[in-house]
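Protein chains in written order, with the working numbering: chain S, 328 to 675; chain Y, -18 to 301.
Hints in this document: simulated from the structure, not taken from any laboratory.
These numbers come from a predicted model, not from an experiment.
Treat the hints with caution; some may be incorrect.
Covered stretches of chain S (chain Y as the covering partner; in silico rule of three or more C-beta atoms under 8 Å from a C-beta of chain Y) [claimed, not checked]: (1) 350 to 360; (2) 458 to 470; (3) 575 to 583.
If we take Cβ atoms under 7 Å as the criterion, some of the chain S residues that face chain Y in the derived model are [said to hold, decoys possible]: (4) Thr371; (5) Asp436; (6) Ala440; (7) Val444; (8) Ser492; (9) Gly494; (10) Gly552; (11) Leu597.
For every residue, glycine included, the Cβ atom is placed at its ideal position computed from N, Cα and C.
As a plain string of letters, each chain reads:
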Amino acid sequence: MSENVLEIKNLVVHYETPDGVSEAVNDVSFSIKAGETLGLVGETGAGKTTIALTIMGLLPKPAGQVIEGEVLLDGKNIVETSRNKFKQRRNDKMMRKLRGNDIGMIFQDPMSALNPVMPVGDQIAEVVKLHNKVSKAEASKRAVEMMELVGIPGERYSNYPHEFSGGMKQRIVIAMALACNPRVLIADEPTTALDVTIQAQVLELMNGLKSKFKTALLMITHDLGVVAEICDKCAVIYAGQLVEYGTVEHIFNNAKHPYTMALFEALPSLDKDVDRLKSISGLMSDPMDLPSYCTFFDRCDAKSERCNELDPPLTEVEPGHFVRCARFMKDKQKAAVSEGAGQGEVVL
Amino acid sequence: MSEILQINNLKKYFPVAGGTLHAVDDVSFTMNYGETLGVVGESGCGKSTLGKTILRLTNPTAGQIIFEGEDITFIDNKQFTALRPKMQMIFQDPLSSLNPRMSVSQQIAEPLRIYKVYQNKEDMEKRVLELMDTVGLARRYADTYPHELDGGRRQRIGVARALALNPKLIVCDEPVSALDVLIQAQILNLLQDLQKEHGLSYMFITHDLSVVKHISDNICVMYLGQIIEQCETKELFENTLHPYAKALLSAIPVPSLKHRREKILLKGELASPINPKNACRFAPRCLYAKEDCFESTPELVDVGGNHMVACHYVKEINGL
Chain S
328 MSENVLEIKN LVVHYETPDG VSEAVNDVSF SIKAGETLGL VGETGAGKTT
378 IALTIMGLLP KPAGQVIEGE VLLDGKNIVE TSRNKFKQRR NDKMMRKLRG
428 NDIGMIFQDP MSALNPVMPV GDQIAEVVKL HNKVSKAEAS KRAVEMMELV
478 GIPGERYSNY PHEFSGGMKQ RIVIAMALAC NPRVLIADEP TTALDVTIQA
528 QVLELMNGLK SKFKTALLMI THDLGVVAEI CDKCAVIYAG QLVEYGTVEH
578 IFNNAKHPYT MALFEALPSL DKDVDRLKSI SGLMSDPMDL PSYCTFFDRC
628 DAKSERCNEL DPPLTEVEPG HFVRCARFMK DKQKAAVSEG AGQGEVVL
Chain Y
-18 MSEILQINNL KKYFPVAGGT LHAVDDVSFT MNYGETLGVV GESGCGKSTL
32 GKTILRLTNP TAGQIIFEGE DITFIDNKQF TALRPKMQMI FQDPLSSLNP
82 RMSVSQQIAE PLRIYKVYQN KEDMEKRVLE LMDTVGLARR YADTYPHELD
132 GGRRQRIGVA RALALNPKLI VCDEPVSALD VLIQAQILNL LQDLQKEHGL
182 SYMFITHDLS VVKHISDNIC VMYLGQIIEQ CETKELFENT LHPYAKALLS
232 AIPVPSLKHR REKILLKGEL ASPINPKNAC RFAPRCLYAK EDCFESTPEL
282 VDVGGNHMVA CHYVKEINGL
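The shape of chain S in the complex, shown without the other chains (with noise of 0.2 Å):
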């Protein structure tokens, strides 16, 4: 097996804010392969969008502060913990090289993400003036190359973002994502704006791209079915937190926390008549002010009376397959758990 490209370990991230410290990520660990998909699924809030902008060093300054932890590039660290401003500048301008060149990111809104000023073409060739040394017109023929690439007639190239419709629109940005062959490529929820039939389309043509170019892609949904059809894992997140993490066979067949089986439940099937659709009540746990026990006590039907004294470390229930919940842990952590010795040393 290769090397991974994308490496998080530990990450832990907090938004401060005046009303508090809001705990956005917390202890999230993961790691993509060359040409693997990692699906990242969560309700809005659970943090989803935080690692994203975490790994293209976007996160919202000063409020974004990256506590703890490391995120690998092939191996080299590309995030600063100090909140020192002279380390904090330094890593700014390396991540200013590495995005666009050695990350790619597709965003949610095609329309909010492209320059409405610009035409298209000019805008995939902006990214790659700025990565490469190449002439204005050897950056213009890499871009009638990337647009053609996703299914959009070069001829195109001097149109504006709003002569083209969703989908296209959706290709340009994934077209200007993939400009200077990233080795990552983040997709925040890229096909939620776009209509069923359309999501086909471009799934079926990221899929294509992904295992042309090699592309480590790690896909931020919070719709299973899209999970199902692209990724090779998945990461359930909740509440900032990894609560299952493992190969979509693990998380589809074999699900193993309450929640990512209260989220199997809720969604409405096509094979299955069902009257009632299964929901548990409640809300997600406020990051503003997370409970120091398990963060899905509230809400869980599977609790016993300790859960509101443990907070469960990721625990691995089968080669590959790692779940945040008691009764999945092993009693060398329980007891490590309740003398307060912190989390068990998972290492995934």
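Position chain Y relative to chain S; hints supplied.
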């Protein structure tokens, strides 16, 4: 009489630069009391315009809307005011459909106040609290404002407002699209419970086929302003006949690794609804399109068992 709503050849055209936009073009259907009719289609197919036209939030261009045996197509606003309590709407985005400067109880009381249902304040307050209980909003939220609540609770305010005047028909325009799956399940369950308790009829507009399958009795599939397939929910999912409906069904990402279905990938995108030609509107994207598909618009015909399809070659394609 079991029909609550009958729509005959309804048309809604908008004049735009370069012609007329045919948003709803010759749509006919009937709805019975206590029934849920799902309207599915991609964005721009005219499903929201259809809902708004039926509630007379925009005026129809031509056709007939018969609500409880009364023709309401062209009655004036004054006459319609008396009918409005019977027909209500739940909107997609609960934040933009609520007044940010009104508290929850004021929002819910607004329709009661406008229609002067109660003579004194106490009765009205009592009714507002009752409505909050009905939709599962805790009474402690009565004095909060929409921005303090999450999406699911905001949508419950929208439902409470729609229920306030005891309507018979509610048009739900994508009521769960902006919500997370767990909240979506809560709201769908709430809508189903209310339907049973109050005998409501829903027209449920959505682009999500799995939601529509869950909640509807009958389904209309729309494409560029026209209904192209219409039948019972079960029939549609077991025996899809129109090539567009087939592609739409196959394109839904299924959250399961076991039931991989064959995908029909459509080429291209929705054509322009401005000045459409007399042709099958789906023909440019259709896998089976032949010459005469570009020459005449297919009629919506019954192919047996109340299954209506608008396609010239439905028999050949499906081997009927």
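Hints versus structure:
Residues of the region 350 to 360 of chain S with a Cβ under 8 Å from some Cβ of chain Y number 0, which does not satisfy the need for three, so the listed coverage is violated. For a cut-off of 8 Å, the count of residues in the region 458 to 470 of chain S with a CB near a CB of chain Y stands at 0, and the three-residue condition is violated. Figure legend: the region 575 to 583 of chain S, annotated as covered by chain Y; annotation consistent (4 residues with Cβ-Cβ distances under 8 Å, at least 3 required). Restraint check, Thr371(S) versus chain Y: the minimum CB separation of about 6 Å is within 7 Å; hint holds.
Violation of the interface hint for Asp436(S) is found here, the shortest Cβ-Cβ separation to chain Y being roughly 14 Å, above the 7 Å cut-off. Interface hint at Ala440(S): violated, since its Cβ lies 18 Å from the closest Cβ of chain Y, which is beyond the 7 Å cut-off. Because the smallest distance between the Cβ of Val444(S) and any Cβ of chain Y comes to about 21 Å, over 7 Å, the interface hint for this residue is violated. Proximity of Ser492(S) to chain Y holds as hinted, the smallest CB-CB distance being about 5 Å (cut-off 7 Å).
Interface restraint check: Gly494(S) against chain Y, minimum CB-CB distance 6 Å, threshold 7 Å, status holds. Here the hint on Gly552(S) is kept, as its CB sits about 3 Å from the closest CB of chain Y, short of 7 Å. Residue-level restraint check for Leu597(S) holds (minimum Cβ-Cβ distance to chain Y is 5 Å; threshold 7 Å).
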